[in-house]
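Asker: Those protein sequences? They're chains A and B, same order as listed.
When you line the first sequence up against the working numbering, it's residues 146 to 258, in that order.
When you line the second sequence up against the working numbering, it's residues 4 to 116, in that order.
For the record, the hints were derived by calculation from the structure and aren't laboratory data.
Hints may contain errors.
[As the list claims (entries may be wrong)] Coverage of chain A stretches by chain B, computed from C-beta distances (three or more under 8 angstroms per stretch; other residues unrestricted): (1) 187–200; (2) 248–256.
[Claimed, not checked] Distance ranges between label pairs, derived from CB positions: (3) 205(A) with 56(B): 38 to 44 angstroms; (4) 60(B) with 196(A): 35 to 41 angstroms; (5) 200(A) with 74(B): 24 to 30 angstroms.
Since the structure is predicted, the reported quantities are computational estimates derived from the model, not experimental observations.
Built from N, CA and C at the ideal position, the CB exists for glycine as well.
For reference, the chains in residue letters:
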Amino acid sequence: QKEVEQNSGPLSVPEGAIASLNCTYSDRGSQSFFWYRQYSGKSPELIMFIYSNGDKEDGRFTAQLNKASQYVSLLIRDSQPSDSATYLCAVTINAGNNRKLIWGLGTSLAVNP
Amino acid sequence: DTGVSQDPRHKITKRGQNVTFRCDPISEHNRLYWYRQTLGQGPEFLTYFQNEAQLEKSRLLSDRFSAERPKGSFSTLEIQRTEQGDSAMYLCASSLALRNIQYFGAGTRLSVL
Chain A
146 QKEVEQNSGP LSVPEGAIAS LNCTYSDRGS QSFFWYRQYS GKSPELIMFI YSNGDKEDGR
206 FTAQLNKASQ YVSLLIRDSQ PSDSATYLCA VTINAGNNRK LIWGLGTSLA VNP
Chain B
4 DTGVSQDPRH KITKRGQNVT FRCDPISEHN RLYWYRQTLG QGPEFLTYFQ NEAQLEKSRL
64 LSDRFSAERP KGSFSTLEIQ RTEQGDSAMY LCASSLALRN IQYFGAGTRL SVL
C-alpha cells in the first residue's frame, strides 16, 4: 500500500466551478499535511498546509483534514484556467528520530474556459 | 530574491561525465533537501541536511551521488559517471527544522545524452 495516494486524473472542471482534490495517507501518526501546485516543467509551489482536523481557508483555496478517516482534500473555488496544473499532496510521517515528508504522485487538474 | 536558488537551471552532459549542482537555501532555513523528479512522479527524496550535518540519505541512492553542505549554507549535489537514467529534474528545498514547511527552488533539469 502506497503511503500517500492521489487520483492521477486528469480532473477536468469548467471555469468558475469548484475543483475537489483528494489525498489519503496510511500513517495514523501523521501530523502535517501540505498541498503543492506544480505547473508543467516547473518546481512545486506551496499552496497550503494544515495541521488540525477541520477546514482551513486561504482565498479561493480550502484544505480539509480528517485524521480519523486519514484523508486530506483541497477545494479550489471559482476555478480559473490558470489553476490548471498538477497538485501534489505531501504528508509528514515519523521515521525514526526524524519526521519525513512523503509525496503522492499528484492529480492533474484541467480548468476549461 | 530571498527564495531558494538553484544553479544551473539546465545541464546537458554526455554519459560518463560528472556534474555538480548548487543550491542556496532561504537564508534563515537550517534544513536543506535534495529531491529528484521524473515525469509523472512525485518528488523522490535523495538526502537532507540540518545545518552542515547530512542526516539522511536515501537507500535508493547510488554511491555515484554525493552531497555536501560544508558551512551550513549552500549545498552541492554531485553525480559522478552520469548515466541516461539520471536524466531528471533535481530539486532543492529548504525549511526551518521545527516546522518542516519546505520551499522549493526552480530546479535543475539534467539531460544525459
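Asker: Cut-off 8 angstroms, C-beta pairs, minimum 3 residues; does the coverage of the stretch 248–256 of chain A by chain B stand?
Answerer: holds (count 4)
Asker: Using the beta carbons of residue 205(A) and residue 56(B), state whether their distance is inside 38 to 44 angstroms or not.
Answerer: Given a distance of about 40 angstroms, which is inside 38 to 44 angstroms, the answer is holds.
Asker: I want to verify a distance hint. Is the separation of the beta carbons of residue 200(A) and residue 74(B) within 24 to 30 angstroms?
Answerer: violated, 42 angstroms
Asker: So is the stretch 187–200 of chain A in contact with chain B by the C-beta rule, three or more residues under 8 angstroms, or is the coverage claim wrong?
Answerer: holds (count 6)
Asker: Kindly confirm whether 35 to 41 angstroms is satisfied by the beta carbon distance between residue 60(B) and residue 196(A).
Answerer: Since residue 60(B) and residue 196(A) have Cβ atoms about 28 angstroms apart, the given range 35 to 41 angstroms is violated.
In summary, the numbered hints that this structure violates are 4 and 5.
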